[in-house]
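Chemist: Sequence:
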Amino acid sequence: MQIEIRKGMSLYPGSCNAVVAPVHMMVSAINSNADLQRFLFLYIGGNYSRVLSGIHRDSTNFEIRRAFTAHQLLSVLREASHTIVLVEHDPTLFEGAEKILAPVAGALKDAGRESLVILYTPAIDRTFAALMRQADRIIEIAAAEDLSSRISPRAIRLQRNGGPLAGGQRTLDVG
Numbered sequence: 000m001q002i003e004i005r006k007g008m009s010l011y012p013g014s015c016n017a018v019v020a021p022v023h024m025m026v027s028a029i030n031s032n033a034d035l036q037r038f039l040f041l042y043i044g045g046n047y048s049r050v051l052s053g054i055h056r057d058s059t060n061f062e063i064r065r066a067f068t069a070h071q072l073l074s075v076l077r078e079a080s081h082t083i084v085l086v087e088h089d090p091t092l093f094e095g096a097e098k099i100l101a102p103v104a105g106a107l108k109d110a111g112r113e114s115l116v117i118l119y120t121p122a123i124d125r126t127f128a129a130l131m132r133q134a135d136r137i138i139e140i141a142a143a144e145d146l147s148s149r150i151s152p153r154a155i156r157l158q159r160n161g162g163p164l165a166g167g168q169r170t171l172d173v174g
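So for the sequence shown, numbering that gives the first Met the number 0 puts the first residue at 0; every next one is plus one.
Don't read these hints as lab results, they were simulated from the structure.
Across the chosen pairs, the derived CB separations fall in these ranges:
(1) Gly7 to Ser74: 30 to 38 Å
(2) Ser9 to Phe67: 31 to 39 Å
(3) Ala33 to Glu97: 37 to 45 Å
(4) Ser31 to Ile63: 14 to 22 Å
(5) Asn60 to Ser14: 16 to 24 Å
(6) Arg5 to Ser58: 17 to 25 Å
(7) Met8 to Ala33: 12 to 20 Å
(8) Asp57 to Lys98: 38 to 46 Å
(9) Gly13 to Ala33: 17 to 25 Å
(10) Ser27 to Lys98: 30 to 38 Å
(11) Gln36 to Lys98: 37 to 45 Å
In this text, all values refer to a predicted model and were calculated from it rather than measured experimentally. In this text, a Cβ means the ideal position worked out from N, Cα and C, and glycines have one as well.
The task is simple: from the sequences and hints, build the whole structure.
Modeler: See the structure below:
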């Protein structure tokens, strides 16, 4: 059993994975894998979800649990005995509960010993960065429009070879 996030990039049981990807990509990865219906699948969400409404929930093995506080999230993770555990990151759970970040990260890692654990967010924030430190694998998939604002490889080579800097910056002559 595996979940293919995109061609050639799969997630396997017995691992804790932090995934940063566009919502449509995560929804597609889950919906396009018919084998997932055979396994116990736990979706854990917080106060809101971007992913849940797009997931096809035809299977009787699909369970949804909501955590409205970081302590509830920790309890749900410790009780989980599913084959696949998808946690959609909600930073509002940790407002005023920063001390619980380390125990939650540890619970994600522990759950990943027996299950396929996916900690998912469409964009990294401070709390996700703290949680992903315990992950076995960190995967970031950028949307095509996000890549267009990055410096091109040609501009980087030019800078290395003494050419003009990107963004109109100039070097000062030392003399």
